[in-house]
Amino acid sequence: MQALKERILTEGKNLGGGILKVDSFINHQVDPAMMLAVGGALAAHFGAMGINKVLTAEISGIAPALMTALALGVKVTYARKTKPITMPTNVLMATAPSHTKGGEVYLMASPEFLGPEDKVLIVDDFLATGHTIMALVELARSAGAEVIGVGAVIEKAFEGGRAMLEAEGLHVRSLAVIEKMTDTEIIFAEGVSP
1 MQALKERILT EGKNLGGGIL KVDSFINHQV DPAMMLAVGG ALAAHFGAMG INKVLTAEIS
61 GIAPALMTAL ALGVKVTYAR KTKPITMPTN VLMATAPSHT KGGEVYLMAS PEFLGPEDKV
121 LIVDDFLATG HTIMALVELA RSAGAEVIGV GAVIEKAFEG GRAMLEAEGL HVRSLAVIEK
181 MTDTEIIFAE GVSP
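According to my numbering, the residues represented by the sequence shown are 1 to 194, in order.
Simulated from the structure, these hints should not be mistaken for lab results. By construction, the Cβ of each residue, glycine as well, lies at the ideal position given by its N, Cα and C atoms. A hint or two may mislead.
Dumping the calculated DSBU-like pairs for lysine-lysine here, alpha-carbon to alpha-carbon at most 35 Å [said to hold, decoys possible]: (1) K119 to K83; (2) K21 to K81; (3) K13 to K83; (4) K75 to K5; (5) K119 to K180; (6) K75 to K119.
Distance windows between CB atoms, simulated [claimed, not checked]: (7) A44 to A163: 23 to 33 Å; (8) H28 to Q2: 18 to 28 Å; (9) I85 to D183: 19 to 29 Å.
Please construct the entire structure, taking both the sequences and the accompanying hints into account.
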């Protein structure tokens with residue numbers, strides 16, 4: 001997705017250590033037109049696969065997941081990181097290490113919104129190590145749902161997450177794949193999930 005790559009190059013900030021800050025259009029402030037294009041691109045790729053639910057993690061995954069679900073005409077469920085009092089006692093839960101927050105992150109979903117009848121597309125803002133997405137896969141599978149695929153807005157290929165997900169038999173589509181980040185450059189991979 002060329003427009004996405006251009007936004008990463010013009011507005012993204014390489015903070016070092018593999019951290020890419022895209023707060024101006026994805027993570028803190030959201031550009032709805034960009035998210036609409038992201039959702040359309042992911043829906044175009046996965047649309048014929050029988051998906052009836054999009055799953056993501058709060059909070060940064062919600063915007064691209066919502067737009068993808070809108071384009072697919074399905075509902076979106078997001079895994080919460082803290083349990084509200086409105087959530088049932090028995091919840092679906094998985095954990096993942098967080099690169100940006102440090103430590104473990106708990107992901108929880110209510111079994112009333114994720115179950116064996118669901119064919120799930122997991123959508124997230126980043127695919128890096130793959131641990132958060134893998135936790136979402138575990139969450140969906142523990143509900144008896146079938147995970148059809150994984151869509152990521154930005155993939156940092158140098159962190160190896162794709163290999164872990166593909167080893168689990170998951171179909172992965174990323175809209176912008178970063179091959180490497182140096183102190184001065186962000187270099188995109190060519191020919192990988194354009």
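Results for each hint:
1. K119 to K83: holds (24 Å)
2. K21 to K81: holds (21 Å)
3. K13 to K83: Judged against 35 Å, a Cα distance of about 32 Å means the pair holds.
4. K75 to K5: Judged against 35 Å, a Cα distance of about 28 Å means the pair holds.
5. K119 to K180: holds (33 Å)
6. K75 to K119: holds (11 Å)
7. A44 to A163: 23 to 33 Å: holds (25 Å)
8. H28 to Q2: 18 to 28 Å: holds (24 Å)
9. I85 to D183: 19 to 29 Å: Since the Cβ atoms of I85 and D183 sit about 46 Å apart, the hinted range of 19 to 29 Å is violated.
The structure is inconsistent with hint 9 alone, although it conforms to all the rest.
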